[in-house]
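To convert, note that position 201 of the sequence shown is 1258 in my numbering; the numbers rise steadily by one, no gaps.
Treat each hint with caution, since some may be false.
[Stated by the list, open to error] Simulated restraints on C-beta separations: (1) Ile-1155 to Gly-1194: 36 to 46 angstroms; (2) Gly-1436 to Ser-1464: 36 to 46 angstroms; (3) Ala-1227 to Phe-1458: 29 to 39 angstroms; (4) Ile-1355 to Val-1226: 16 to 26 angstroms; (5) Ser-1070 to Ser-1238: 41 to 51 angstroms; (6) Glu-1313 to Tyr-1401: 19 to 29 angstroms.
[To be verified] Each computed SDA-like pair below joins lysine to any residue, with the alpha-carbon atoms no more than 20 angstroms apart: (7) Lys-1251 to Ser-1079; (8) Lys-1351 to Leu-1451; (9) Lys-1251 to Phe-1069; (10) Lys-1351 to Tyr-1401; (11) Lys-1251 to Val-1141; (12) Lys-1251 to Ile-1082; (13) Lys-1251 to Ile-1235.
Simulated from the structure, these hints should not be mistaken for lab results.
Ideal placement from N, C-alpha and C gives every residue a C-beta, glycine not left out.
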Amino acid sequence: MREVASRTFSSFSVPGFRLMWSADIALNWAEFMEIIILSWFVLEQTESPLALGIFAALRFTGTLAAPFFGVIVDKFGRRLIFLVSRGSFLLTSATILILSFLGLLNIFAILLLSAFAGLSRSMDMIVRQSILPDVVGELRLSNGVALSRMGRDVTQIVGPVCGGILMEVAGVGFSYIIVVSLYSLSLFLIFLVKGLPDKVTGAASIASSSVLNNLVEGFRYVKSERLLVGLLAVAFVVNLTAFPLNQTLLAVSAKEVMGVGAYELGWLVGAYSFGSLIGTLAIGSLPGLGSAGKIMFIGSVFWHIGIIAMAFMEWFYPSIPLLILVGSAQSFSMVTMAMMILRYTSPEMRGRIIGLRQLAVYGLPLGLLVSGYVAEDFGVFVALVMNGIVGIVLLLMSLRFWPVMISRQRFME
1058 MREVASRTFS SFSVPGFRLM WSADIALNWA EFMEIIILSW FVLEQTESPL ALGIFAALRF
1118 TGTLAAPFFG VIVDKFGRRL IFLVSRGSFL LTSATILILS FLGLLNIFAI LLLSAFAGLS
1178 RSMDMIVRQS ILPDVVGELR LSNGVALSRM GRDVTQIVGP VCGGILMEVA GVGFSYIIVV
1238 SLYSLSLFLI FLVKGLPDKV TGAASIASSS VLNNLVEGFR YVKSERLLVG LLAVAFVVNL
1298 TAFPLNQTLL AVSAKEVMGV GAYELGWLVG AYSFGSLIGT LAIGSLPGLG SAGKIMFIGS
1358 VFWHIGIIAM AFMEWFYPSI PLLILVGSAQ SFSMVTMAMM ILRYTSPEMR GRIIGLRQLA
1418 VYGLPLGLLV SGYVAEDFGV FVALVMNGIV GIVLLLMSLR FWPVMISRQR FME
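Please model the entire structure based on the sequences and the hints provided.
What follows is the structure, given as structure tokens:
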């Protein structure tokens, strides 16, 4: 047991990783509180699933610029970019706090600030993932990815529940005092991390060439690696059809089908995240993932089967165990995907490839808009069933075009 525990949490022996992990806990806790608080605010103000879909889609505006962000991360100082991205979260949340107490907070302001936060989110995710191998080292990379995901899953359990409770008892303004405090803590902890690379070692050509040239190099690199092309295709599919469940459709189902409030919505999202945590811990404890591609693909398919099953759930309590299972399937899909992308990408290309990986997240705002439209005009049942079936079909097509995703085997420490 001690050996398993030591292997599961080995990256915590690195001081820099402990600080980064704690900073991410604070950031994600605040972010998941915001999602519940603002989602419920938008639903109450508009009574429109489509408006909720637009709000959620704007949170991912940075996906279009992600490839350029990836080049910037490889080209310029990563420590500075990390601090700027964390500071921008603080600025956005502080603006919402001030507008709320002044009585000026409205849907237009929420949508505008969400679009700005979407840029910050993409930049932060790219720099965080590109720095991780430098912080934990190649031998602990898989474990570092799993523990980072575990921290996100923990906060995705606690954050929505806290956000739902605060929204019910205190409203937007007082809830955002906690949100701003957490973002401030995250910025402070990142400032304490020592040894973050300012530039990629041995990447003088990156510094001397243009952003556009570096971006083209990133596309050429991906094109030469069929495995990476397949992984990016699967990433696009799950963002298009699977992630709308916990981003918007779960809130619509809670309000319109189950007839519950923000407090219960927080518990539903928390159950989903608890399942994701279980899946992440299971992956992180494994000594190796030689069949990572198969695990990723099976997890993706079961994720969509769970979405179809959620369409038939009309009651609050029976939904919780189902959401735990769906969340576990999500982790088996997304954690193994992240491990494979980092493992099969050369160090000097990681920022650009992760930027292109974020471009695949553009499937999410598209999926959110389509899901919101379908849920508003045809009902959330149709939206869930459609997403589940379309997702499975697209996954099978991806496997048909890129079978290397499950046929290429490589031991992952």
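Status of the hints after comparison with the structure:
1. Distance hint check: the CB atoms of Ile-1155 and Gly-1194 are about 43 angstroms apart, consistent with the given range 36 to 46 angstroms.
2. The hinted window of 36 to 46 angstroms between Gly-1436 and Ser-1464 holds, with their beta carbons roughly 40 angstroms apart.
3. The supplied range of 29 to 39 angstroms is broken by Ala-1227 and Phe-1458, whose beta-carbon atoms lie about 50 angstroms from each other.
4. For the pair Ile-1355 and Val-1226, the supplied restraint of 16 to 26 angstroms is violated, since their beta-carbon distance comes to about 42 angstroms.
5. Restraint check, Ser-1070 to Ser-1238: a C-beta distance of roughly 29 angstroms breaks the suggested window 41 to 51 angstroms.
6. Checking the proposed 19 to 29 angstroms range against Glu-1313 and Tyr-1401 shows it is violated: the Cβ atoms sit about 43 angstroms from each other.
7. About 14 angstroms separates the Cα atoms of Lys-1251 and Ser-1079, which keeps this hinted pair within 20 angstroms; it holds.
8. Simply put, Lys-1351 and Leu-1451 have alpha-carbon atoms about 16 angstroms apart, close enough for the 20 angstroms limit, and the pair holds.
9. For a cut-off of 20 angstroms, the pair hint linking Lys-1251 to Phe-1069 stands: about 15 angstroms separates their Cα positions.
10. For the hint linking Lys-1351 to Tyr-1401, the alpha-carbon distance of about 16 angstroms falls within 20 angstroms, and the restraint holds.
11. As the CA atoms of Lys-1251 and Val-1141 are separated by approximately 16 angstroms, the hinted pair is consistent with the 20 angstroms bound.
12. Straight-line distance between C-alpha atoms of Lys-1251 and Ile-1082 comes to about 18 angstroms, which keeps the hinted pair within the 20 angstroms bound.
13. Annotation: proposed proximity of Lys-1251 to Ile-1235 is violated, straight-line Cα distance about 27 angstroms (limit 20 angstroms).
The structure fails to meet hints 3, 4, 5, 6 and 13 from the earlier list, while all remaining hints are met.
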